[in-house]
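Novice: Please put together the full structure from these sequences, using the hints given.
Positions 2 to 218 (our numbering) are the ones given, in order, by the sequence shown.
It should be emphasised that the hints constitute simulated quantities derived from the structure, not laboratory data.
Heads up, simulated DSS-like pairs for lysine-lysine below, C-alpha to C-alpha not over 27 angstroms straight-line:
id	residue 1	residue 2
1	LYS119	LYS3
2	LYS192	LYS211
3	LYS100	LYS3
4	LYS100	LYS160
5	LYS160	LYS142
6	LYS142	LYS119
7	LYS119	LYS100
8	LYS160	LYS3
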Amino acid sequence: MKWGLFGGTFDPIHIGHLRCAAEMLEICDLNRIIFVPAARPPHKPNAEITPFRHRERMIQLAIEGNSAFSFSDVENRRETTSYSIETVEYILDRHRPEKIELSFICGQDAFHEIRTWKDWERLLLMCHFAVMTRPGFSSRKLVEILGAEFAARFTYDEKDRGFRGPTGRTICFREVTFLDIASRNIRTRAKEGRDIRYLVTDEVRRYIEKNNLYREK
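Specialist: If you want it as structure tokens, here you go:
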């Protein structure tokens, strides 16, 4: 089984997230993509984030009807900060690693900051990394992202079109359709009472309106 983990705050989940996930499912030949919303993301310690229960419900509504998409609340079960390394360890411990080929899906902006992540070197050796890129985005060399010493442990594999590390895990860059949609903009529009149709699914839009999310308190 080939699974992809797609993390983020998803505040709210929007059409861009869903389209990227659908394309990565095909591009990486995955059986499933698991959406994993962060509960207490380390890179946004002071940010005001919508309560987890609302972000959870919006994801469930957005992916309903797609059997290849699923959801995990693993990061909300922790009382401490959400770290990707712990989420990957949890998935691999719960499901036998020999039966699952796990890919961590992230955007290129996030991957360029990988060295700020907790235990990032161990994380890159534990699972595949499927990095989403967009047309015209400047791609930095792996050595510039990971540093010379660690990058030297990866060699380019023509067959997989990616960089293979000593544990057999790869780092692949894959171009996806770029939809210029930002959750921040959706929150702003909702706060101002402006239309958010076609930025989120109808089910998510109705949930936002019903629960007065992103409006002034």
